[in-house]
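All chains, please: the whole structure from these sequences, using the hints.
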Amino acid sequence: MNSSVSETVDQSIPQEVTEKLSMVEAVNLALDHAMADDQDVVLLGEDIGVNGGVFRATQGLRDKYGLKRVMDTPLAETLITGISIGMAAQGLKPVAEIQFMGFIFPALEQLICHAARMRNRTRGRLSCPMVLRAPFGGGIHAPEHHSESTETLLAHIPGLRVVIPSSPIRAYGLLRAAINDPDPVIFLEPKRIYRAVKQAVSYGTAILPLDKCFTLKQGSDVTLISWGASIKETMEAANTLQEYGASVEVIDVATIKPLDMETILTSVRKTGRCVIIHEACKSFGVGAEISAALAEEALADLKAPVERVTGYDITMPYYRMEDHFLPKPEDIIKAALKTLSFH
Amino acid sequence: MNSSVSETVDQSIPQEVTEKLSMVEAVNLALDHAMADDQDVVLLGEDIGVNGGVFRATQGLRDKYGLKRVMDTPLAETLITGISIGMAAQGLKPVAEIQFMGFIFPALEQLICHAARMRNRTRGRLSCPMVLRAPFGGGIHAPEHHSESTETLLAHIPGLRVVIPSSPIRAYGLLRAAINDPDPVIFLEPKRIYRAVKQAVSYGTAILPLDKCFTLKQGSDVTLISWGASIKETMEAANTLQEYGASVEVIDVATIKPLDMETILTSVRKTGRCVIIHEACKSFGVGAEISAALAEEALADLKAPVERVTGYDITMPYYRMEDHFLPKPEDIIKAALKTLSFH
Amino acid sequence: MKAKEYCHIPYIRYLDDEGEALQQLPAWTENHETLIDYYRAMVIARAGDAKAVALQRTGQMGTYPSSLGQEAISTVCCSLLEKDDVLIPYYRDLPGLMKRGIPLSDVLLYWGGDERGSAGKAWGKDFPNCVPIATQAGHAAGVATAFKIRNQHHVALVSMGDGATSKGDFTEALNLAGTWQLPIVFIINNNQWAISVPRKIQSGAPTLAQKGVSAGLPSIQVDGNDVIALHEAVSSAINQARSGKGATVIEAITYRLGDHTTADDASRYRESEELQEAWGREPIKRLRNFLYHRGLWDEEKEQQLKREATELIDSEVKRYLNTPLPEVSDLFDYHYAQMPAQLEKQKRQALAKANGRAH
Amino acid sequence: MKAKEYCHIPYIRYLDDEGEALQQLPAWTENHETLIDYYRAMVIARAGDAKAVALQRTGQMGTYPSSLGQEAISTVCCSLLEKDDVLIPYYRDLPGLMKRGIPLSDVLLYWGGDERGSAGKAWGKDFPNCVPIATQAGHAAGVATAFKIRNQHHVALVSMGDGATSKGDFTEALNLAGTWQLPIVFIINNNQWAISVPRKIQSGAPTLAQKGVSAGLPSIQVDGNDVIALHEAVSSAINQARSGKGATVIEAITYRLGDHTTADDASRYRESEELQEAWGREPIKRLRNFLYHRGLWDEEKEQQLKREATELIDSEVKRYLNTPLPEVSDLFDYHYAQMPAQLEKQKRQALAKANGRAH
Ligand SMILES: Cc1ncc(C[n+]2csc(CCOP(=O)(O)OP(=O)(O)O)c2C)c(N)n1
Ligand SMILES: Cc1ncc(C[n+]2csc(CCOP(=O)(O)OP(=O)(O)O)c2C)c(N)n1
Ligand SMILES: [Mg+2]
Ligand SMILES: [Mg+2]
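Chains as they are written, first to last, in the working numbering: chain A, 97 to 439; chain B, 97 to 439; chain C, 26 to 384; chain D, 26 to 384.
If you're looking for bench data, these hints aren't it; they were derived computationally from the structure.
Just so it is clear, the structure is predicted and the values come from calculations on it, not from any experiment.
Note that beta-carbon positions come from the ideal geometry of N, C-alpha and C, so glycine has one too.
You can trust all of the hints, since none of them are fake.
Label-pair restraints from in silico Cβ distances:
{"no.": "1", "chain 1": "D", "residue 1": "149", "chain 2": "A", "residue 2": "135", "range": "17 to 27 Å"}
{"no.": "2", "chain 1": "C", "residue 1": "84", "chain 2": "D", "residue 2": "370", "range": "46 to 56 Å"}
{"no.": "3", "chain 1": "C", "residue 1": "48", "chain 2": "D", "residue 2": "225", "range": "38 to 48 Å"}
To give an idea of the interface, some chain C residues facing chain B are shown, with a C-beta separation under 8 Å as derived from the structure:
{"no.": "4", "residue": "157"}
{"no.": "5", "residue": "171"}
{"no.": "6", "residue": "204"}
Take a look at the structure:
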């Protein structure tokens, strides 16, 4: 549990690779393999059957595994979550899809009061090995309620895990781990990068730990910390900063809860400078916990105040103006330069 | 908006005082006066009518204002919130009670997707002048789900205000302000101290601002920051620390969102040391935002890392063991001494 | 113990698929103006709807949910509402919104990603579009409660899809409507599909109207492509609500002739035969036949109406396309009547950033 | 268009308030063992319930919701369930839990603020107590779905109060049960009150059973103080579910003879006459009369049963009171199968603190 897991893109290219997959295809493959490996894995959600999900994450799985294992539900997120808990308590491993994270709120009572508590409430007699998947985040010019990032609400809940991949390989490895995990995992898929890059993914692709950050880039001057779709802008910013001569470390948090503060602390103790980037509103966001923990546990090592580059404390604007909300590479660069020039 | 509001306990004792009230009685009086002043104020919730609410916060109001203004609803928190929004959009000022904060989760979709957005969504054409009251917090040996503190979930939502009183006078002044406010306010009542102290409260008691912390005690060595029921333990700790010779400043945040960082920053810039105390789970709690903002904006002034004394990242234990969860004066003292002895 | 035995839901229909009367028509149909008005409204709405789809297809607007084939429901409902009544619509109500006097350009602005589409004066106290399914049912109950508290004889009319009837929000609102005798009309646009989920796997109940039975409410089915049947059902429900006798649930049977939205491809999950058949039942053709057969409509009027529609739509589309971007400050200014200091600070940052980019 | 006309809900009753047969009794009642077993179970449950209230009153236990007067429903339901069926109870199910073989001490531990009350082996796969109203309905639908997926002929039985029928969770689960033909029995303990809210202002529907009609489910009312009627209704519903014919909604009409919980004072909001009347209909007296009149029970048996009950309860209360506090580590150890590093750290802090206090 002590060493950081470095980016697996280059390490885990499996031997039997035939084609490269986008992130949403990697999700599909992970579901497929999990279902093939374990009869107890079942899928449920709105439009996941013949339609294959509105983003096609479950495409082809109904034909392959049948109606009993790929279930189109009525339109009711409270219900989807409630029955997942009921099935999980009987030993099935439901993987439920919430069509967009903006519609996850009816699920919260079930998640907070039951999924997160079943093991503790019964001292291990019953448990809740379920996964709740939801695409999230902005930047695809979607309608109202289709672009929010509210991972903080889930991260605050004891008993849940919250996982966010940012590449096809990590999507595959983390989703398979999430399904294997005996506890409830919220798996949030940054839909802006669903089809951004392709990577070779196969059955041999590594299953990844659920409590480890990924160090995507090593450096010594400043640590950029992000997750999900913002990893894209973060890497762009890192590359530009590198051109300016700064040595940049980039961490993809990926496992938001439990938070792997050890990897983060080790990095920031080294660099002394840190910028945290996320799409969610700033106040009371996940960035706050990371920033607070850094200052509490590594105050002496901080050469500059931690910077947060985030969404504003406003409702996600409709799409004409969403660009004004989302963190941009230049915002990240500016914040990094501010920490670098701090004295 | 620039100066801190200092504790009003001593300032606002009104002339026509006849008796001293507990906090829950002050809530009742605030509701009574708001209803007398404004025909548009209506109350709704479960058991708030003839029963007067399970904590008696609405006692006597149904008889006084009638069935149309004090409405017992069916058992449905989603509905309670939804109809409040509908009424508010028509210009009424609904004050809804959620019986315990542990049952607020079905209300979140309505709060997040509608109450918080109505003004922004319609660019001010419609608005949502509602108040949602809920008793919260542990320490009264209540059953499961009756003792949680999940204020963070609400604080992260743009468009909401979150207010938590910690004395009868503040309960009165803040609740009257919340009802007057043209936007949705979540008003969380720390039930552990519902009847802890009595203060003189009357119609003349000051209506308080909704975006200002209260400085309960001035000092120069360390700032203790808390809200709600934990103010009790925080004040006890402050008094003990004072006996030890430390000069302690105590801030009751009271208005969790929007957060009055100005008052907090001014204090911590002065003392250089800070302990944040809350009952909620530590990770991703309100304390994280305060701690992060302090380190980001006052790094140079911090003489010691900020300390957080909070609940653990676990489900609120059933009552036999809840004492192990709740912050105690000795925990606060220990943390304060740690910051005081830091070098 | 078969459920069907416990429950009888009436079904109202006046015109057959070809627009022929199936029974004696109600007296009000003698006044042809109403029927012609319905026809005109539906034709204009369909043209506006087609334009919205075209704007999306040509990259000039975002995702849009077409109301193709379902024009009758929304049109009749909103024609029968009075000005002080409140409409609580859902996202497939373009025809009704236009009937309420809301400019097409507002609706295009909304789907074009601009909050100002729900801001205009024409909206009155009507609710903006509602995306989170069935949540608007609670708002309708709240609006109706306000009417009741204030002794106002207004009505709240709320629309939703067949899928929406599965969400608890809907049944919670039904229950309250029954308990408090609220002046609401619940209208279900049963277009047979909730995205890819067909009606029969949305609910095992033989009708969706019978959801109202759970709350003790009068509940009926109506041919949702038959303006006469709709007019009968909705006007009677509105009268009942207005006179203090409580709410009604109306399930209007229709068909979604288009994709769910422009982001959807219905051919993935539904048979083209089903679609072809449904075209035979669509409401505009039906009413046109009726009017033609009675000599109330002719080709000249049709052409004139089409020109009118085109003219109106062109000018509204122009207004939409010419609407400049909102101010960056707008993103901040409408969150609170009194802007918090921290938000003020963020607003300044955003403005500075926007200025920086502009230069 | 009166809702009542659309909907007929049968009402089953065999015994009158005094325990006299109102109609020909079902054949199974000839086997007296079942009825005697019901009687014994209800008497023991009522004694256990009274003890729980007494423990709370004397400061030895936390808030407790008494099942006084409602023993028949829970007792009959849980007697008819098989071992591999799954019970999804709510907080007023002490009689049924005891019938399922769960020690009274477990239930006391739960209300005594100790998670281990839901941990014991005797619980099998049954669900622990559910506090957030109606949320358990979704769990039942999930359990039943699991049975269906695995081709297991088991049944999920879920109980809830009259108030719970207003919450959307309940109707969402009903709808799924109808759509997927799930093996569920929904049993509504209609004790006429949801804390201070009387049945008639909980819903305008003439029956709560008809909530099932909204989902196309067979739905009946039964006298909830009449074990024979309950047995008929529940066993038929269980059989139907077990044989793949889907779910049933049973509204059992009873009365909450006690306060809502020990934290409540019902005299604030309900008339004592209503309570007195309800005592005349309570289930234990009724069955006792029936058994006495048929010579199946006598004073000696009654005394013997009371002694048994006292003995059992005393020993369970002793076990409860002698249960030492849990370990502090328990607060942490059951959140995740694999404890996260950060939680491990917090656990060490908590243990250190606890040790510090102990010294
Ligand atoms: C709470 C919620 N869940 C999911 C969605 C995504 N979604 C949008 S429309 C739709 C189907 C709605 O079907 P129906 O109610 O029949 O209305 P229709 O679109 O057919 O008019 C879904 C699942 C949503 N908007 N809100
Ligand atoms: C979601 C939720 N809201 C509120 C409560 C508080 N509460 C506990 S019991 C109760 C009344 C329940 O009445 P009913 O369903 O009739 O069951 P009964 O207690 O009468 O058996 C309420 C409002 C709760 N437990 N859960
Ligand atoms: Mg539909
Ligand atoms: Mg009840």
